[in-house]
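Colleague: Construct the complete structure from the given sequences, taking the supplied hints into account.
Per the numbering used here, the very first residue in the sequence shown carries number 325; after that it's consecutive.
Each hint should be verified, as a subset may be incorrect.
What the hints assert, rightly or not - FRET-style restraints, in silico, Cβ to Cβ:
{"#": "1", "residue 1": "Ala477", "residue 2": "Asp518", "range": "52 to 58 angstroms"}
{"#": "2", "residue 1": "Glu566", "residue 2": "Met325", "range": "35 to 41 angstroms"}
{"#": "3", "residue 1": "Pro529", "residue 2": "Gly340", "range": "32 to 38 angstroms"}
{"#": "4", "residue 1": "His561", "residue 2": "Ala375", "range": "39 to 45 angstroms"}
{"#": "5", "residue 1": "Met325", "residue 2": "Pro529", "range": "48 to 54 angstroms"}
{"#": "6", "residue 1": "Arg335", "residue 2": "Pro410", "range": "27 to 33 angstroms"}
{"#": "7", "residue 1": "Asp432", "residue 2": "Arg351", "range": "21 to 27 angstroms"}
{"#": "8", "residue 1": "Ile559", "residue 2": "Gly450", "range": "37 to 43 angstroms"}
{"#": "9", "residue 1": "Thr470", "residue 2": "Pro529", "range": "51 to 57 angstroms"}
{"#": "10", "residue 1": "Val389", "residue 2": "Arg546", "range": "33 to 39 angstroms"}
{"#": "11", "residue 1": "Ser341", "residue 2": "Asp484", "range": "33 to 39 angstroms"}
{"#": "12", "residue 1": "Arg439", "residue 2": "Leu378", "range": "29 to 35 angstroms"}
Everything labelled a hint here was simulated from the structure, so no lab data went into it. Using N, Cα and C, we set each Cβ at its ideal position, and we do this for glycine too.
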Amino acid sequence: MIATVVLAAGRSERFGSPKLLAEWWGRPLVERALEIAPPGPRVAVVGTHTAKLLPLFQAHGFQCVRNPKPAQGQSSSLRLALDVMPAQVDAVLVLLGDAPAVPPVVVDRILTEYRRLNCAVTAEFGDRTAPPIMIPRADWDKIAATGDNPGAALEPVAIDMSDLLEGDEDVDTPEDLFALSARRAGVELLEPADQSALDARLDDPEPFAVRLRRRNTAGSERLAVTPLALEKLAIEHFRGTEVIARVGDEYVALLG
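Modeller: Okay, here's the thing in structure tokens:
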């Protein structure tokens, strides 16, 4: 039996706010990891802020375990998850809550190669390895109790995913999230300095994404346009619009 672990207890220090609560294509950022989890037991390790998402985790069939000391790193979260695994679980698939670009095919390949090789396997994107990672029970004792590299003592087989356009990108800052959302849509990301720059780009029929603020904020240089006002502008230019990422007052909208 294979179980899934989603690590979602990080403190989001570089992000500046609880990043797993940020919006990604209209839903919480962490939901992507919940969606691609294969059938079987599911455990999510949460922190103080992500505890707000308990109904979401539960709706996807996840048992939630709270990490009271998230400062001890991802290793501490993974150890908590392993401690509650049923005895019949032979291996765990580890997913990160802040890596929304992982496509389901990556999970499928990891599962296939684990069943073929019967050892720890992880994804490799070019010259970089990254979760998902499959860890058999025989290797659980190698997982460190603290730190941000729980698999440091493992020697997983790297499964080539270089034919995929995305998958290894996690989100550490709002800028990462906004840039990734535009890449996911396959368009350029515009950060207009003023209304005239936005109006000029709207006259160009090519799709694009735009980063804006919902309201004026003291000290901010970002152009403020509410999503409703942007929708009206888009209609005037015979275009559709959709908010694809949001963090606080800032958002990125796709204009088709």
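Colleague: For each hint, tell me whether it holds in the structure or not.
Modeller: Do the hints match the structure? See the list:
As the Cβ distance of Ala477 to Asp518 is approximately 53 angstroms, the hint placing it in 52 to 58 angstroms holds. A beta carbon spacing of about 39 angstroms between Glu566 and Met325 agrees with the range 35 to 41 angstroms that was offered as a hint. For the hinted restraint 32 to 38 angstroms between Pro529 and Gly340, the CB-CB distance of approximately 36 angstroms keeps it satisfied. Against the hinted window of 39 to 45 angstroms, the Cβ-Cβ separation of His561 and Ala375 comes to about 43 angstroms, which satisfies the hint.
A beta carbon spacing of about 52 angstroms between Met325 and Pro529 agrees with the range 48 to 54 angstroms that was offered as a hint. At roughly 29 angstroms, the beta-carbon separation of Arg335 and Pro410 lies within the given 27 to 33 angstroms, and the hint holds. Evaluation of the 21 to 27 angstroms hint for Asp432 and Arg351 yields a pass: the beta carbon distance comes to about 22 angstroms. Distance hint for Ile559 and Gly450: a CB-CB separation of about 41 angstroms, consistent with the stated range 37 to 43 angstroms.
Our hint of 51 to 57 angstroms for Thr470 and Pro529 holds, since their Cβ atoms are close to 53 angstroms apart. Here the CB-CB span from Val389 to Arg546 is close to 38 angstroms, well matched to the stated 33 to 39 angstroms. A hinted range of 33 to 39 angstroms for the beta carbons of Ser341 and Asp484 is consistent with their spacing of about 35 angstroms. Our hint of 29 to 35 angstroms for Arg439 and Leu378 holds, since their Cβ atoms are close to 32 angstroms apart.
Hint compliance for this structure: every hint is met.
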